[in-house]
Amino acid sequence: MHLRKHTAALSAAALLAVTALFGATSPANASAVNCSVGRYEGTRTAWALCTEGYARYAVLIYVTHPNPNSGMGSWYEAGPCVSLGQLSEYTPSHSIPFVVASVVPNC
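Residue numbering for the sequence shown follows this note's numbering, starting at 1 and increasing by one per position.
Rather than coming from a laboratory, the hints here were simulated on the basis of the structure.
Just so it is clear, the structure is predicted and the values come from calculations on it, not from any experiment.
Don't take each hint at face value.
Derived DEER-like restraints, expressed as beta-carbon distance ranges [as the list claims (entries may be wrong)]:
(1) Asn67 / Val33: 35 to 41 Å
(2) Ser36 / Met72: 26 to 32 Å
(3) Pro66 / Gln86: 20 to 26 Å
(4) Asn67 / Leu87: 29 to 35 Å
(5) Ser102 / Pro68: 23 to 29 Å
(6) Thr45 / Gly85: 35 to 41 Å
(7) His94 / Gly42: 15 to 21 Å
Glycine included, each C-beta is placed from N, C-alpha and C at the ideal position.
Please build the complete structure, drawing on both the sequences and the hints.
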């Protein structure tokens, strides 16, 4: 139970760090909408594509180290920041499992 609380706290801290690095959205900021995210089948490459809005964006992945005793926990990684209608693609340099989380708007 203690490990879950610690992991949740680390995840929340990582999300706050990503928000601080790439900017937060608010009604005053134009953001990308109508976004799709995914992973190319049989590869480790994640992608994101937004087709409406005025913002730049990047694909965001969530990485979880498979060994809970490694001390590494979980973290976010972002792909390149692109303009509306362009693909943001990202292939991590490590082989640690990940899921495609979302997009980072207004990067």
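Between Thr45 and Gly85, does the beta-carbon spacing fit 35 to 41 Å?
The hint (35 to 41 Å, Cβ to Cβ) is violated, given that Thr45 and Gly85 are roughly 19 Å apart.
Should the hint that Asn67 and Leu87 are 29 to 35 Å apart at their CB atoms be regarded as holding?
Once the Cβ atoms are compared, 32 Å apart, the range 29 to 35 Å for Leu87 and Asn67 holds.
Within 23 to 29 Å or not, the Cβ separation of Ser102 and Pro68?
24 Å, holds
Is it true that the C-beta distance of Ser36 to Met72 lies inside 26 to 32 Å, as the hint says?
With a Cβ separation near 29 Å, Ser36 and Met72 satisfy 26 to 32 Å, so the hint holds.
With 35 to 41 Å as the target window, see if Asn67 and Val33 comply at their CB atoms.
38 Å, holds
Please check whether Pro66 and Gln86 have a Cβ separation lying inside 20 to 26 Å.
32 Å, violated
Should the hint that His94 and Gly42 are 15 to 21 Å apart at their CB atoms be regarded as holding?
18 Å, holds
Checked against the numbered hints given earlier, this structure breaks hints 3 and 6; the rest are met.
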